[in-house]
Amino acid sequence: MVDFFNVRKFTLDGLSLHIPAGERVGLLGGPGCGKTTLLKLACGLLVPEDGSVQVLGMAPSDWRKDSQPVISAYFTGLPLLDRNDTVRQGFELVRCIYHIPKKKFWEEYRVLSKRLDFTAFEHEAVKELSLGQRVRAELSAVLAVRPRLLLLDEPNAGLDENGKAALCEILSERGRRGLTVVTASSDMVGIAKLCTRFALLKDGKAAFYGSGERLRSQFVPVDEMTIVFGGELPDFGDLPVVRYKIEGNRLTLFYNSNHVTAAEILKRVLTQTEVLEVKVQKPTLESMV
Amino acid sequence: MRDVIHLAGVYTKITAKSWFQYRVDAVLRSLAVFLRESTGVIVIYFTLLKFDDLNGWNTHELLFLYSLLFLTYGIMIIFFTGLRDFGNTVRSGNFDRFILRPRGLLFQLIFANADWFAAVGHGGLGLVLFLVSAGKVGVTWNLETAVYYLVAVAGGVLIQGAVFLFLATLNIYLFETRSLKELLYYNMRKFAGYPISIFHKAVQFIIIYIMPFAFVNYFPAQYLLRKEDMAGYPQAFLYLTPVVGIGMYLLAYLFWRYSVRYYKSSGN
Numbered sequence: 002m003v004d005f006f007n008v009r010k011f012t013l014d015g016l017s018l019h020i021p022a023g024e025r026v027g028l029l030g031g032p033g034c035g036k037t038t039l040l041k042l043a044c045g046l047l048v049p050e051d052g053s054v055q056v057l058g059m060a061p062s063d064w065r066k067d068s069q070p071v072i073s074a075y076f077t078g079l080p081l082l083d084r085n086d087t088v089r090q091g092f093e094l095v096r097c098i099y100h101i102p103k104k105k106f107w108e109e110y111r112v113l114s115k116r117l118d119f120t121a122f123e124h125e126a127v128k129e130l131s132l133g134q135r136v137r138a139e140l141s142a143v144l145a146v147r148p149r150l151l152l153l154d155e156p157n158a159g160l161d162e163n164g165k166a167a168l169c170e171i172l173s174e175r176g177r178r179g180l181t182v183v184t185a186s187s188d189m190v191g192i193a194k195l196c197t198r199f200a201l202l203k204d205g206k207a208a209f210y211g212s213g214e215r216l217r218s219q220f221v222p223v224d225e226m227t228i229v230f231g232g233e234l235p236d237f238g239d240l241p242v243v244r245y246k247i248e249g250n251r252l253t254l255f256y257n258s259n260h261v262t263a264a265e266i267l268k269r270v271l272t273q274t275e276v277l278e279v280k281v282q283k284p285t286l287e288s289m290v
Numbered sequence: 008m009r010d011v012i013h014l015a016g017v018y019t020k021i022t023a024k025s026w027f028q029y030r031v032d033a034v035l036r037s038l039a040v041f042l043r044e045s046t047g048v049i050v051i052y053f054t055l056l057k058f059d060d061l062n063g064w065n066t067h068e069l070l071f072l073y074s075l076l077f078l079t080y081g082i083m084i085i086f087f088t089g090l091r092d093f094g095n096t097v098r099s100g101n102f103d104r105f106i107l108r109p110r111g112l113l114f115q116l117i118f119a120n121a122d123w124f125a126a127v128g129h130g131g132l133g134l135v136l137f138l139v140s141a142g143k144v145g146v147t148w149n150l151e152t153a154v155y156y157l158v159a160v161a162g163g164v165l166i167q168g169a170v171f172l173f174l175a176t177l178n179i180y181l182f183e184t185r186s187l188k189e190l191l192y193y194n195m196r197k198f199a200g201y202p203i204s205i206f207h208k209a210v211q212f213i214i215i216y217i218m219p220f221a222f223v224n225y226f227p228a229q230y231l232l233r234k235e236d237m238a239g240y241p242q243a244f245l246y247l248t249p250v251v252g253i254g255m256y257l258l259a260y261l262f263w264r265y266s267v268r269y270y271k272s273s274g275n
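Respectively, the protein sequence lines represent chains A and B.
Using the working numbering, you'd call the opening residue of the first sequence number 2 and step up by one each time.
Using the working numbering, you'd call the opening residue of the second sequence number 8 and step up by one each time.
Everything labelled a hint here was simulated from the structure, so no lab data went into it.
Wrong hints could be hidden among the right ones.
Calculated from the model, a selection of chain B residues having no Cβ within reach of chain A, i.e. all distances over 12 Å [to be verified]:
no.	residue
1	21
2	62
3	152
4	181
5	190
6	191
7	196
8	234
9	241
In silico DSS-like pairs for lysine-lysine, Cα to Cα no more than 30 Å straight-line [unchecked claim]:
no.	chain 1	residue 1	chain 2	residue 2
10	B	20	A	104
11	B	24	A	128
12	A	194	A	206
13	A	66	B	20
We put the beta carbon where it would ideally sit given N, CA and C, even for glycine.
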């Protein structure tokens, strides 16, 4: 779907990335690492200084001449609805601009406005809306045109928990039906769960690109095991444990799952003491990103 | 094509609706523009109370000259508000939205916004001045003069539209062009309110060849009024308004087409 080849632009320096159709990619990296630049390159707002960016084999800006919306992009700070128009008027314009049949479009609108919960202020001018209300309406505007590639820059900014959950639900449904999503967000609550891949940008390149499972084992391979023991405190001095914590008869071990497995630890402990309860916890993706 | 006209219609309906959503506010603000621009007329009026005429132009003839300036501006601003405010459009991120949409950029800029208050204020003043003066300046209104008048208005609209398009294009290279617009456009327009023959040659040169307001009102008015001071200019200038308008607009359009490729969205 999206191909970056040796792209140089602003902080990006020699970035190569292949995003197959149907994937949902989360972009990670510190501020100023080029996440927004990457998204703007993918929709044609920016042109690479060197290298190439292609969407389905064409330059992103060439897709604009196509009447079928292929790429739809949401950026915070890029107003998608005119501030003087009402929400309804803004959507009517979007419909006309993309030539979408009335019935199909307003059906889509009805569903989205209900799920993202903004039917109550659809007749108010966009400038009168609060940030959260505006974000809901604008996210619906990029979804309503039914693109094949959706680019989202900080879609969570301004959304409350309900909004984040609703957005996630919609995105994973659309994703299952083949929508490709690339999103950058400093607030990955929910979004992390939705991503099939992650790309970590560092020094202008993709320092990591792969599944969440691989991301964890490569960057935060520390698991947590809590053991409630009956007898005396076991000795685990020779095990490669990162750190441990003892509260009464509750022992918590933090260990690198690449170096030692839960089974090995448990076997050692069981030879020394009676175990009443065991809990193993892998770090959640959200806590990681 | 039909689709484009339809979209232009939708845009116009929506912008007009939002501008006139609050009726009292709309009337007052249009009136404010009307009164602000009237001050220039009032100055001329009081000047003419002291002198009988200005280089052969009496009060009504001067008002007629003035009316062309405002009528053309009123029509022009309906279409070119988006270019007048282009700097803001870029800074607020709205231009990026236009780029992302599958429509012509200039089309979106022209139809997505229209300053109806300025249109009603300026156009209204132009119309009032025209109605006051047209019957008293000795023009026989027949098909020929009426057609000439309409073509001249269209040419004047294009000339000013071309200037706005040119200044908007400069915005792609320079961050801020507002003061340039003040200097080149709004200040020169103050000169154009008078018969240009009263000014120094240098000012006349600017107003004919650089910022050709003379073709917006002075030469068209001369065709209809035939004042003596026209002797100082080539007779061909009486007929050049539409040519100047189309030529300038074409040049500005080519400059725009060439420059817009260099437009850079910011990284963040």
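Contradicted hints - numbers only: 1
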